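Same order as they appear, the protein sequences are chains A and B.
Taking the numbering used here, I'd label the letters of the first sequence as residues 1 to 146.
Taking the numbering used here, I'd label the letters of the second sequence as residues 1001 to 1254.
What you were told as hints is all true, and nothing was included just to trick you.
Stretch by stretch, here's where chain B covers chain A in the computed footprint (C-beta under 8 Å, at least three residues):
hint, stretch
1, 12 to 21
2, 28 to 36
3, 114 to 125
4, 128 to 134
Quick partial rundown of chain B residues pointing at chain A, CB under 10 Å, derived from the structure:
hint, residue
5, Gln1057
6, Ser1086
7, Thr1138
8, Ala1168
9, Ser1208
10, Leu1213
Calculated directly from the structure, the hints in this document are not laboratory data.
What you are looking at is a predicted structure, and each value in this text was computed from that prediction instead of being measured.
Positions of the beta carbon are idealized from the N, C-alpha and C atoms, including for glycine.
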Amino acid sequence: MTPRRRQRLVLVSLLVVGVGIAASLALMALQENINLFFSPSQVRSGEAPVGTPFRLGGMVVDGSVERGDQSLDIRFDLTDTAQSVTVVFSGILPDLFREGQGIVAQGSVDDSGLFTATQVLAKHDETYMPPEVADALEKAKAMGVQ
Amino acid sequence: MNQTKANPWRRRFHELGSPPSVYALAGRLAPWLAGICLLLFAGGLTGGLFLAPTDYQQGESYRIIYIHVPAAWLSMFVYAVMAISSAIHLIWRMKLADIVARASAPIGAVYTFLALVTGSLWGKPMWGTWWVWDARLTSELILLFLYLGYMALVSAFDDRRTASRAGAILAVVGVINLPIIHFSVEWWNTLHQGPTVTKFDQPSIAVSMLVPLLMMALAFQFHYGWALLARIRSEILESERRTAWVSDLVGHRS
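Hey, can you work out the whole structure from these sequences and the hints?
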């Protein structure tokens, strides 16, 4: 390798390393702001803002969903397995909304800790399988519990 | 007798620096890649759209992954190729490396666009929104802007050599975005789900769904190779348009 090429190799490597360090510092500084949502634990510990809109993410607690008879009103609990927050929402839910499923709700929390959502998005997991397999897994799990 | 003649492999390597022989080689290879690509596409699409079972949560809608996921993988792979050839061009001033980078940019931009559009179409029924500013979607959008910025930059200079170097620096700097895209779903809370196939433990997808997905990924790889060769040929003609061999070649046809 000629000295000229060696010099250019060093320059290009320095460029990549330099930009890499700058980008990681910037991303670390912005860490909190890049997160799309707060977890119920963060809301409980007061990290989430009160009164201003933010997003809340978690799993819908099994058996907690209550629907209004004559309206689109819905009430459910969101959990991150440690803490949970009650959410109220009025509107159309995405296809993947169901108990035990992860969701992200946009809205704000009041002083009593009730979260009023203006939009509910479903977050689905990275697992793909045929329904029969899911059924079989469910059964196996039930057998294991007994 | 010099070493170039003594070692046939060395001669092959030096031929890669000669535009006419690359032009001819690309022309010979392209039909093979095209054939394999079309076969894989046929197999992957049949497997993915007809043979693979429905998903337990998403029903039929999950089948978008047979386009979305390969397009997203390739959008990153093509950028990596572009950045590496740009670095080679910057350091060794190898002409072919510059041509590969220039030829890759529009192909990568198309894959990125395809990944964003298919994701958005799927996001509306599944998530409940066309778009959300989470880390994965935003970094993929930045990737599209990097491709477009590269293409704009290399066409903004009258002098081809200056254009190549400016573009190459942009491509090399932008490579920082690739790990950000890949790890965005692990580093931050995102609406986009985590990795399914490329995680260290077993992929969390049924084998009957995974096989067509991998076939589609290979089909996209071969499509990239095919499109790349075609674009390399036109890039070579463009950059060598004042040479005798190109006017001979064009002269035959006009």
